[in-house]
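Novice: Top to bottom, those sequences are chains H and B.
Counting in numbering that gives the first Met the number 0, the first sequence runs from 0 upward without gaps.
Counting in numbering that gives the first Met the number 0, the second sequence runs from 0 upward without gaps.
Calculated directly from the structure, the hints in this document are not laboratory data.
A couple of the hints might just be wrong.
Quick list of the computed label-pair ranges, beta carbon to beta carbon [as the list claims (entries may be wrong)]:
hint: 1; chain 1: H; residue 1: R264; chain 2: B; residue 2: L43; range: 23 to 33 Å
hint: 2; chain 1: H; residue 1: R126; chain 2: B; residue 2: L43; range: 32 to 42 Å
hint: 3; chain 1: H; residue 1: N280; chain 2: B; residue 2: E80; range: 56 to 66 Å
hint: 4; chain 1: B; residue 1: F128; chain 2: H; residue 2: P170; range: 58 to 68 Å
hint: 5; chain 1: B; residue 1: Y112; chain 2: H; residue 2: R126; range: 20 to 30 Å
hint: 6; chain 1: H; residue 1: D233; chain 2: B; residue 2: L41; range: 46 to 56 Å
By construction, the Cβ of each residue, glycine as well, lies at the ideal position given by its N, Cα and C atoms.
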Amino acid sequence: MLSMPDSLLTSLALGAVLATTAWLYDLSRLSRAMFVALWLAVVVGLDVSDLEASRIASVEPSASRPLLERTDGYVTSQACQSCHPSQHASWEQSYHSKMTALPSEETVLAPFEDTVLSYRYSYFPHRRGDEFWISTDDPTWAEPGEALPVSRRVALVTGSHHQQLYWFERPGTRAVGRFHYFYRIPEQRWVPFKSAVLSKQDMFDDPGEFWTTVCIRCHSTHGKPRFEPENIRDADTRVAELGIACESCHGPGLEHTEANRNTLRRYLRYLLGGPDDTIVNPARLSADRSLDVCGQCHAVQSLGSSARIRQWSRNGMPYRPGDDIAKTRHIVDARPGVPNNRFRDRTLRRDPHFLEDRFWPDGVPNVSGREYQGVKTSPCYASGEFTCLSCHVMHRPSDDPRPPLEWANDQLAADRRGNDACLGCHPEFAEPAAIEAHSHHASDSPGSSCYNCHMANTAYGLLNATRSHFIENPDTATQLATGRPNACNLCHLDQTLSWTAHKLEEWYGTPQPEFPDPEHQRTAEGPLQALRGDAGQRALLAFHLGWEPAQQASGVDDWAVPVLGELVNDPYEAVRVIAHRSLATLPGYEDIEFDYLAPREERRQARAELLDSWARSGAERSSPARLARVLIDDEGRRMQARVAQLLDQRDTRRVFRAE
Amino acid sequence: MSDGERDPGRFHLRVGWWTVLVFLAMGIALEGMHGLKLGFYLDLANATRRHMWTLSHAHGTLLGLINIAFALSLRTFGLVEGDDGWLRRASLALMLATLLLPGGFALGGIKIYAGDPGLGALLVPVGGFSLLYAVWLTARRL
Numbered sequence: 000m001l002s003m004p005d006s007l008l009t010s011l012a013l014g015a016v017l018a019t020t021a022w023l024y025d026l027s028r029l030s031r032a033m034f035v036a037l038w039l040a041v042v043v044g045l046d047v048s049d050l051e052a053s054r055i056a057s058v059e060p061s062a063s064r065p066l067l068e069r070t071d072g073y074v075t076s077q078a079c080q081s082c083h084p085s086q087h088a089s090w091e092q093s094y095h096s097k098m099t100a101l102p103s104e105e106t107v108l109a110p111f112e113d114t115v116l117s118y119r120y121s122y123f124p125h126r127r128g129d130e131f132w133i134s135t136d137d138p139t140w141a142e143p144g145e146a147l148p149v150s151r152r153v154a155l156v157t158g159s160h161h162q163q164l165y166w167f168e169r170p171g172t173r174a175v176g177r178f179h180y181f182y183r184i185p186e187q188r189w190v191p192f193k194s195a196v197l198s199k200q201d202m203f204d205d206p207g208e209f210w211t212t213v214c215i216r217c218h219s220t221h222g223k224p225r226f227e228p229e230n231i232r233d234a235d236t237r238v239a240e241l242g243i244a245c246e247s248c249h250g251p252g253l254e255h256t257e258a259n260r261n262t263l264r265r266y267l268r269y270l271l272g273g274p275d276d277t278i279v280n281p282a283r284l285s286a287d288r289s290l291d292v293c294g295q296c297h298a299v300q301s302l303g304s305s306a307r308i309r310q311w312s313r314n315g316m317p318y319r320p321g322d323d324i325a326k327t328r329h330i331v332d333a334r335p336g337v338p339n340n341r342f343r344d345r346t347l348r349r350d351p352h353f354l355e356d357r358f359w360p361d362g363v364p365n366v367s368g369r370e371y372q373g374v375k376t377s378p379c380y381a382s383g384e385f386t387c388l389s390c391h392v393m394h395r396p397s398d399d400p401r402p403p404l405e406w407a408n409d410q411l412a413a414d415r416r417g418n419d420a421c422l423g424c425h426p427e428f429a430e431p432a433a434i435e436a437h438s439h440h441a442s443d444s445p446g447s448s449c450y451n452c453h454m455a456n457t458a459y460g461l462l463n464a465t466r467s468h469f470i471e472n473p474d475t476a477t478q479l480a481t482g483r484p485n486a487c488n489l490c491h492l493d494q495t496l497s498w499t500a501h502k503l504e505e506w507y508g509t510p511q512p513e514f515p516d517p518e519h520q521r522t523a524e525g526p527l528q529a530l531r532g533d534a535g536q537r538a539l540l541a542f543h544l545g546w547e548p549a550q551q552a553s554g555v556d557d558w559a560v561p562v563l564g565e566l567v568n569d570p571y572e573a574v575r576v577i578a579h580r581s582l583a584t585l586p587g588y589e590d591i592e593f594d595y596l597a598p599r600e601e602r603r604q605a606r607a608e609l610l611d612s613w614a615r616s617g618a619e620r621s622s623p624a625r626l627a628r629v630l631i632d633d634e635g636r637r638m639q640a641r642v643a644q645l646l647d648q649r650d651t652r653r654v655f656r657a658e
Numbered sequence: 000m001s002d003g004e005r006d007p008g009r010f011h012l013r014v015g016w017w018t019v020l021v022f023l024a025m026g027i028a029l030e031g032m033h034g035l036k037l038g039f040y041l042d043l044a045n046a047t048r049r050h051m052w053t054l055s056h057a058h059g060t061l062l063g064l065i066n067i068a069f070a071l072s073l074r075t076f077g078l079v080e081g082d083d084g085w086l087r088r089a090s091l092a093l094m095l096a097t098l099l100l101p102g103g104f105a106l107g108g109i110k111i112y113a114g115d116p117g118l119g120a121l122l123v124p125v126g127g128f129s130l131l132y133a134v135w136l137t138a139r140r141l
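Just chain H, same shape as in the assembly:
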């Protein structure tokens, strides 16, 4: 695309060349006419290209959603596509690109097909031609004096992987409102907002300006909320681009695109090599700065002061890729004992739950999507070379054999899905005999997977357990101190914590802690945490009861159903969802139906029927000693008294995972 001065100069130069040629050769009238026609064709062609460019730049269909605005050096991914087509295509295949999008046939995944949803009020998502609308009698959606019901057009959609949210237009503001329902993609089901997060509180009760004040930070590129703190509702929100686009990680592209209009410059760079200093390539940054690029969104953080919030609201985030992120925002360090942690203390005074909603007590993140702190405090990071890009690739290589959606699931490099991810720095474990000697498990078994032992699934998010990015050795003392389940017992669900401590001492010399609680010596960790753990631990255990490596190691067929029977009736909807999913992985329960949103009495009845059917099933039981650990008696029945006792001991404190 040529800018207007470029096209004008090119047209004039060509006209001058043709006129000079005609004069020098004393051309005939026909030849002169042909030259004039040629010149006019070129001029018209250039002008059409300019008109097309200006048309694309000025697309703005609605005044009630964030304005798409190319300012501050941001030129959007469209400008990158012509020179970097494969990178652009792989970015489009990633879920990053669809973090927020305009509603369309392609982006809206929920059926807007005349379904009536009822949660406190009635909501009626439906289509009007190509548009997506929601009608409701919810008074919080109405403007002052506006009669109910109201209809609102969907302004934005967020998410495309696990779940999708919908934001609606509100008259006279670019601050979009939040629809109370998620659409869960795996279950293909609408669920109320509160049922899709690990919380018992009915949070975010009004439509609010949640996208404008929170989501915009990471679900758009160079977002500027432009609100006044006393009147967020009237925000004049702008973004360079919806979704996490090229410039989120590479920085504003204007200087780069302008500089590389110069053909000579481009070819000199091709021939001489070396970095292009007009753009940031996170792979060429130092480990610190590279990690900061991902930390923009994957860290627990705060702007830290009202002055910074005002500045962000007006001008967008001041951080640019390549900067030291800590200079423009506060990265929360939740590790106890970190000196001069004023922000931590101040935050805790304002919100006593802030840290426990995001971290285990030792400062390791307990939510997914917040991997920064885990990576940065891992021993591997001390090597100075370990970054997110050590394992993940943001652009799928053309020789990656996996389908794009499989790659996009976690964006791990094809050769980083197994132990190869670690062997670069730990080559001593490359040989099967060496890894077996280290892990004390068969080299091709899940017990010899570096990930399973050192990055266990102890982070919660999106109704799943995901890998912790704090790379650690399994340790029962850490579990006793923090409540974070140890990696061994997340596979060996049918073993006690003291068994694990004994093995770790025998194999690695890890000192055994004291176990004052007798349950740790007689009850296996699976049922123990599932019955008396807090909601966060129960969610993780519910996940692992359906996790194939754990099922293989723990022989869950003869004891997991009664445990999952308690979890499908858990007070937390999120735990119920995960437990139901795990239950359906067990033989004979593949088609089991269980409505986790059903009223309490219905759920209680369904649980009773499930336990009865399991008791009657006469499934083959294993050895009495093992069964006792998993709360099954000699006759294959559930130990009701022990189960009731552990349920009485259940940790019922408030749990929320601020994912």
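Could you slot chain B onto chain H? The hints should help.
Specialist: Just chain B now, with coordinates in the frame of chain H:
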């Protein structure tokens, strides 16, 4: 060029048909690469290569036809060399265009850089202006 000097019409007719043959064969080779799903031709990262080679095929075939049309024009309208040596210059310019236009595109697609072709593509504008010049010289004579 000895044939061309004796009978430029015959010379360009031969060049034209041989050029059409070469670039039709190239078209079949390109289609074969589609059939075999060859990544170095079809991958999005190699879109510039695919573009360049497609252009080479198209321009080469077209230039073959132009050579034939040029030869037939000479014969049909009895065009002969003039005092200004137009025929020699037109013939030379057309030959240069036949080599440089498709050749430049083909070479430009061998080594590519991001969204840019290799340096071989520098031959393309030279070939393009040569063609323009040859066509202009011929058109003036008709």
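Novice: For the range 23 to 33 Å, tell me whether the beta carbons of R264 (chain H) and L43 (chain B) fit it or not.
Specialist: holds (24 Å)
Novice: Evaluate the given range 56 to 66 Å for the C-beta pair formed by N280 (chain H) and E80 (chain B).
Specialist: holds (60 Å)
Novice: When you take the CB atoms of D233 (chain H) and L41 (chain B), is the distance between them in 46 to 56 Å?
Specialist: Distance hint for D233 (chain H), L41 (chain B) holds at roughly 51 Å.
Novice: Is 32 to 42 Å respected by the C-beta to C-beta distance linking R126 (chain H) and L43 (chain B)?
Specialist: At 33 Å between Cβs, range holds.
Novice: Per the hint of 58 to 68 Å, is the separation of the Cβ atoms of F128 (chain B) and P170 (chain H) within bounds?
Specialist: holds (60 Å)
Novice: Given the range 20 to 30 Å, decide if the beta-carbon distance of Y112 (chain B) to R126 (chain H) lies inside it.
Specialist: This hint is violated: roughly 46 Å between Cβ atoms.
In this structure, only the earlier hint numbered 5 is contradicted, and the remaining ones agree with it.
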